[in-house]
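Undergrad: Chains as they are written, first to last, in my numbering: chain V, 5 to 280; chain Z, 52 to 385; chain F, 4 to 370.
Keep in mind that the hints were calculated from the coordinates and are not lab data.
In this text, all values refer to a predicted model and were calculated from it rather than measured experimentally.
Warning: the hint list may mix true and false statements.
As the list claims (entries may be wrong) - Listing some non-contacts, in silico: residues in chain Z with all C-beta distances to chain V over 10 angstroms: (1) D109; (2) F146; (3) A155; (4) W178; (5) I179; (6) L308; (7) D372.
As the list claims (entries may be wrong) - Covered, in the sense of this in silico footprint (three residues per stretch, anywhere, with C-beta under 8 angstroms from a C-beta of chain Z), are these stretches of chain V: (8) 126 to 139; (9) 152 to 165; (10) 225 to 237.
Unchecked claim - Below are the DSS-like pairs computed for lysine-lysine, each with C-alpha atoms no more than 27 angstroms apart in a straight line: (11) K62/F x K250/Z; (12) K295/Z x K62/F; (13) K54/Z x K152/F; (14) K295/Z x K129/V.
No residue lacks a Cβ here, since even glycine has one placed at the ideal position from N, Cα and C.
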Amino acid sequence: MTVGAASISRPVRERASRGLWRDAGRRLLRNGPAIVGLVCILIFVVGALLAPVLSSYDPSVGKLVDRMKPPSPAHLMGTDLLGRDEFARVLYGARLSLQLGTISVVFGLFFGIVIGAAAGGLGGKVDALLMRIVDVLLAIPGILLAIGIVAWLGRGQIQIMLAVGVSYTPIFARLLRGSLLALREADFVLAGRSIGASRLRLLVRHMLPNALTPLIVQATLALATAIIDVAGLGFLGLGPGDPRRTSSSSRRPPSSSAPSASTSWATGCARPWTRG
Amino acid sequence: MLKYIVRRLIGAIPVLIGLSIILFLFVRLLPGDPAIAILGQHATPALILQVHQSLGLDLPIWVQYIDYVGGLLHGDFGASFINGRPVLEDFLLRFPATIELTVAALIFAVGLGIPLGRLAARHPNGWIDGIVTVISLFGISVPIFVLGYTMVFIFAVQLHWLPATSQIDARLQLPLVTNFVVIDAILAGRPDALVDALKHLVLPAIALGSIPFAIITRITRASVLDVTNEDYVRTARAKGLTEKRVDSRHIMRNAWLPVTTIIGLEVGGLLGGAVITETVFSWNGVGSWVVDAIQNHDYFVVQSSILIFALIFLVVNLVVDIGYAFLNPRIRYA
Amino acid sequence: MALLEVEGLLVRFRTHDGTVYAVNGVSFQVDEGETLGLVGESGCGKSVTSLALMRLLPKPAGRVEGGHVRLDGTELLDLSEAEMRDLRGRELAMIFQDPMTSLNPVLTIQEQMVETIRAHTELTAAQATARAVELLGTVGIPRPETRLKAFPHEFSGGMRQRVMIAMALALHPRLLIADEPTTALDVTIQAQVLELLRALTAEARTAVILITHDLGVVAGMTRRINVMYAGYIVETAPTAELFAHPSHPYTVGLLHSIPRLDAPEGEPLIPIEGTPPDQRHAPVGCPFAPRCAWRLPACWTTNPPLEPLVPGTPVVLTGDRATHRVACLNLPTAEEAEAGMPLRDGFVAAPAPGSVVDELATAEVPA
């Protein structure tokens with residue numbers, strides 16, 4: 005019998021895989037909307053990181069003489085009603101948004117992984133108890149939970165990040181626990197147990213790396229909403245260093261409007277990118 | 052089916068208990084002393100002790116909890132530190148406004164979201180789909196307050212089409228019976244008040260409903276697309292049924308399922324978002340009340356509002372779960 | 004005139020990644036009451052052909068780009084969607100491979116059967132329901148009146164397929180297309196369902212196109228068989244004749260791939276080398292050439308048409324006396340078909356023109 009020969013028609017151009025990251029990069033570059041989102045995010049992040057370089061103005065200091073000026077070469081986005089440079093406020097606001105949003109998600113992931121791993125890894129009574137607590141936390145809608153926690157802990161950057169982080173914890177915990185429960189019956193876990201691996205080692209070395217995937221996806225999506233949530237808290241006057249409101253009848257637009265504007269940019273860019 | 056409902060109800064009890072404990076602890080474990088908050092500058096040790104006794108803060112904590120739960124069951128949710136009135140009373144006064152806003156937002160989100168999602172699914176990757184995608188992206192990305200103020204700026208300040216704040220023009224002098232402005236306008240037989248009230252609802256409802264609208268649109272689109280590619284839709288077509296029938300009985304009946312679940316979850320988001328929306332539009336509901344209460348350390352108000360919101364959320368999800376079991380026969384017997 | 008006449012059917016799928024040439028000029032006919040088997044491996048175009056006949060190709064990618072399909076003289080490809088819809092279920096019916104997913108999970112069997120009946124007749128709901136009960140009884144579902152109210156997930160796989168058959172035959176269609184009706188079922192149930200199908204269609208004189216990759220299934224059920232490969236019909240013959248004298252190298256390969264209980268011990272299984280072709284490219288030459296042990300240099304460039312096995316025989320398209328036709332330039336002899344490999348001295352399958360394999364091709368012809 006002869007060897008089966010290749011078809012004589014035009015061969016399909018398949019490139020060999022050259023490593024996980026390069027494959028991912030190639031897939032990203034082929035996706036139009038993803039590139040747009042990526043560019044947006046890069047502009048945003050670079051702007052935030054290089055804020056002191058890109059703008060010489062102090063975002064919180066303004067000369068009343070300069071108030072409400074339209075955009076000009078001196079003030080690229082004009083000034084606000086206290087004479088502060090808007091462009092600087094947008095840049096520094098972007099910084100703040102990114103910082104607070106990212107760290108909130110990190111907090112949420114931390115608590116979520118600890119709780120989820122304990123519940124999924126230990127099972128039994130621990131699992132039941134932890135999940136009841138998670139259920140209770142889930143019963144309170146996200147923003148309200150964050151508001152409640154800020155009310156409890158007081159104002160401040162750390163408090164906000166903790167509050168928003170904790171409001172995401174139940175979701176992460178649930179997700180991780182679910183993956184771990186499914187993995188417990190996986191063959192490679194049984195194999196590990198049969199050669200005497202300890203539960204901790206199985207959990208950390210074998211199960212967690214596999215179970216983290218849905219969490220990573222959820223965390224990237226959460227990053228976008230965390231930025232919005234943090235902005236929302238700021239808007240309500242619960243943000244770091246906001247002036248105290250004394251009366252309930254007068255509600256003026258908050259002075260932290262610049263971070264809010266950059267917030268919209270941030271989340272608008274984050275969405276297509278995380279989807280792509 | 053009945054067993055399913057009973058099981059769900061029983062399952063909700065530990066959550067309620069846990070919720071009450073957490074919220075109870077929320078107030079008790081607060082930094083700072085509520086007595087000082089009340090007394091302000093007049094605080095002396097003797098007066099503080101008096102306030103503690105009158106608030107029952109000197110009793111052992113588990114006694115306080117029993118009192119608290121007992122009070123809850125009797126409708127005693129504590130009193131406001133600021134004006135001394137029972138929390139429940141003020142809550143019931145302001146709650147209808149929040150409900151009106153939330154329901155309006157939900158109607159907007161579902162009423163516009165589902166048809167748009169279906170439309171996008173009918174011509175996937177076409178220009179209609181593109182526009183719908185952009186709109187829903189916009190809805191998710193823009194924070195409620197940014198959207199709210201922008202709309203106010205455009206529609207109220209510049210164009211004068213719609214009002215900027217409140218539920219109704221005070222000059223109309225509508226007598227409030229139920230505190231549901233729309234219903235009261237109907238009851239009083241005042242079409243002018245009704246129209247005015249509805250106009251006041253438009254912008255806040257859109258602002259609040261923007262996120263659920265976006266999500267519902269996306270989910271509906273995805274769900275309809277998934278179902279359209281299922282084998283049983285092909286069978287239905289092979290039987291020679293009209294496209295309308297295939298669409299309504301086969302596609303939509305199955306596509307509804309994930310959408311209803313999402314709607315239940317989004318109600319929670321609506322309750323939270325109401326807080327922000329009411330602030331933006333100076334809406335006299337529970338949301339703005341809670342924000343003020345937090346500023347003023349009026350903790351019973353905060354605690355009770357969160358408790359009731361959570362309760363509503365639980366009930367809504369219960370109803371959605373039961374409705375889902377009704378729509379999806381496969382899980383009725385699980 | 005035959006009940007169904009298919010001529011030169013061309014089906015392509017236009018996608019972002021290119022065009023898939025699914026069906027490349029298929030022609031056949033089916034008489035009233037005749038059961039035709041359509042055999043081939045996955046991807047050879049048999050399901051796509053049947054979907055094309057019903058005009059149920061997935062839109063917008065799937066398109067019929069040429070050919071004719073005539074049912075009782077009416078050109079199906081020219082009909083409007085509304086006219087086609089009228090025919091579906093009533094004159095033309097189809098049952099699908101996976102009964103698990105082919106029934107709507109949220110509707111009862113009653114709702115699904117009654118809607119079919121009422122879509123094409125004037126019966127009232129009560130009459131349609133009565134008819135549905137009757138049909139369920141015919142296909143062997145016990146206590147049909149109660150079972151009507153059940154949901155699809157409450158039935159077993161075999162029962163579900165019976166329900167599908169009942170629905171398909173409800174309005175006495177002239178032609179039934181059965182796309183791998185038993186592939187998803189257990190072997191014991193397969194026999195039951197096939198027997199049911201045979202009995203019902205024989206009684207009603209329904210023509211059947213039975214699509215499968217399982218030669219065992221067609222052996223007992225069909226009068227004629229079309230063997231398909233890469234969107235072409237490569238051989239067609241009455242069933243008994245095909246099994247007795249398989250002629251196309253692909254058919255030969257198929258029959259030799261089946262392990263047999265009565266084969267002498269130690270006799271090797273002879274698989275067909277290579278993999279099915281990538282149908283994203285317009286076909287050049289005989290589609291089976293890359294895998295054929297009998298190929299000549301001409302096979303790479305010429306696609307042979309279907310011609311009678313015995314040259315010069317008048318062509319009869321349907322019935323027990325249909326002409327045995329093969330599309331091949333270098334037919335295996337009877338002995339070679341028996342052995343499953345070329346037996347000619349020094350014969351080497353022609354290597355692909357201009358490819359590196361030239362050097363690697365060696366002929367190992369066992370004595």
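Undergrad: Each of the hints needs a verdict: does it hold here or not?
TA: Going through the hints against the structure:
1. D109: holds (22 angstroms)
2. F146: holds (15 angstroms)
3. A155: holds (18 angstroms)
4. W178: holds (15 angstroms)
5. I179: holds (17 angstroms)
6. L308: holds (20 angstroms)
7. D372: D372/Z clear of chain V: closest Cβ-Cβ about 14 angstroms, beyond 10 angstroms.
8. 126 to 139: holds (count 3)
9. 152 to 165: Coverage by chain Z holds for the region 152 to 165 of chain V (6 residues, Cβ < 8 angstroms).
10. 225 to 237: holds (count 4)
11. K62/F x K250/Z: Cα-Cα ~44 angstroms, so violated.
12. K295/Z x K62/F: holds (17 angstroms)
13. K54/Z x K152/F: Given that 27 angstroms is the threshold and the Cα spacing comes to 21 angstroms, the pair holds.
14. K295/Z x K129/V: violated (52 angstroms)
In the structure shown, a violation is registered for the earlier hints numbered 11, 14, in ascending order.
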